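K.L.:
Sequence:
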Amino acid sequence: MAQQSKLTDTIMQWQQSQGRHNLPWQQTITPYKVHVSEIMLQQTQVATVIPYFQRWMALFPDLETLAAASEDEVMTLWQGLGYYTRARNLRKAAQYLNEQHQGQYPDDLKALEAIPGVGRYTAGAIRSFAFNSYGPIVDGNVKRLFARLFGIYGEPNKSSVNKEFWQQAERLTPPDNSKAFAQGVLDLGATVCKRHNPLCTECPVQADCFAFEHDCIEHLPSAKKSKVKPVKDAHFLWHTQDNKLLFKKRPSPGIWGGLWCLPEQQEAPENASLLGQFTHQFSHYSLQASVWQLNNVQQPAGLYQNTRLQPISELQQIGLPTPVRRFIEDIQTLV
DNA sequence: GATACGTGGGA
DNA sequence: TTCCCAAGTAT
0 MAQQSKLTDT IMQWQQSQGR HNLPWQQTIT PYKVHVSEIM LQQTQVATVI PYFQRWMALF
60 PDLETLAAAS EDEVMTLWQG LGYYTRARNL RKAAQYLNEQ HQGQYPDDLK ALEAIPGVGR
120 YTAGAIRSFA FNSYGPIVDG NVKRLFARLF GIYGEPNKSS VNKEFWQQAE RLTPPDNSKA
180 FAQGVLDLGA TVCKRHNPLC TECPVQADCF AFEHDCIEHL PSAKKSKVKP VKDAHFLWHT
240 QDNKLLFKKR PSPGIWGGLW CLPEQQEAPE NASLLGQFTH QFSHYSLQAS VWQLNNVQQP
300 AGLYQNTRLQ PISELQQIGL PTPVRRFIED IQTLV
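Numbering follows numbering that gives the first Met the number 0, in which position 291 of the first sequence is assigned residue number 290; successive positions increment by one, without gaps.
Keep in mind the hints are simulated off the structure, nothing from the lab. Worth double-checking, as some hints may not be accurate.
As the list claims (entries may be wrong) - Simulated restraints, written as ranges between beta carbons of each label pair:
id: 1; residue 1: 26; residue 2: 215; range: 23 to 31 Å
id: 2; residue 1: 224; residue 2: 195; range: 17 to 25 Å
id: 3; residue 1: 49; residue 2: 329; range: 22 to 30 Å
id: 4; residue 1: 243; residue 2: 321; range: 15 to 23 Å
id: 5; residue 1: 222; residue 2: 49; range: 26 to 34 Å
id: 6; residue 1: 49; residue 2: 331; range: 27 to 35 Å
To be verified - EDC-like, lysine to aspartate or glutamate: derived pairs with alpha carbons at most 20 Å apart:
id: 7; residue 1: 247; residue 2: 217
id: 8; residue 1: 91; residue 2: 112
id: 9; residue 1: 248; residue 2: 266
id: 10; residue 1: 5; residue 2: 169
id: 11; residue 1: 91; residue 2: 61
id: 12; residue 1: 162; residue 2: 241
Predicted, not measured: the structure shown is a model, and the values here were computed from it. Where a beta carbon is used, it is the ideal one built from N, C-alpha and C, also for glycine.
Let's have the full structure, built from the sequences with the hints guiding it.
P.N.:
Put into structure tokens, the structure is as follows:
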């Protein structure tokens, strides 16, 4: 067996004694559980994911069940978790694996990356966690850890900087049995090498750490350029009929794609009264929404494609964007 | 390479 | 309040 770096050994041993071993997707590991959890965890905190993961596994216990599920079933479960393309791709992935790979997960990185929604990180994660084979990973945790450990400056998403992170990951990841290493860098980043107030006194690689030695932990990783968030206006229609509310399915791709939403239009409608307003902060823009109640006899024109009248008492059964659900609930409380 | 894509938590 | 960030990917 090839000589493994001391850093690799240290991180693996730390993981086995101090790392996380009780996360739901670490129990009776299967490629499917690893896949689902890794998709859910993209840009999403562990604590947020856990209840979604539990519900998902109860409803879609395997690839076959998932492949046969409707998009609506999947979106209803995913509502509130965000980045809804992930949910649609997960369902596509199940169909793809059933049709192209006999319902089995491939175990090489290239084939894993060909799965819808699986990129370089997730392919490495599946290979490491599910197969315990060589699977380098670079995520936010790893970037923070490596930036400090090796003194890697520059915006982490800049391609040249990103390339450095991946080179380090490929170099340090052991050729076999890479699970403990992959889990180790994630756990170190998440629980010790935190963005704020890192626990350097508990860090197993403190002696090797550039940032610790140079006392520049708070300056690494380098800050990204912040951008001005644009404000967008939206006009939603509130149309009720027999205690039912009119919804329209959001197109994909696009914001809230695949979820049901109040019908939206560019301009404020004529002959309508303002029922209420809400604002919502997306990561890339602020939404200023107005909700218009149409006059009684007025029918919303040209809205019948992909629409449904949903009983207000049965809103739990469809996937709604979080701020829209919140608005509707607030209105109900007032009534 | 830049941008779109959600939501909630923490400082 | 506002901003950054969290197990990134697709286009």
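K.L.:
Taking the earlier hints as the rules, which of them does this structure contradict?
P.N.:
1, 7 and 12
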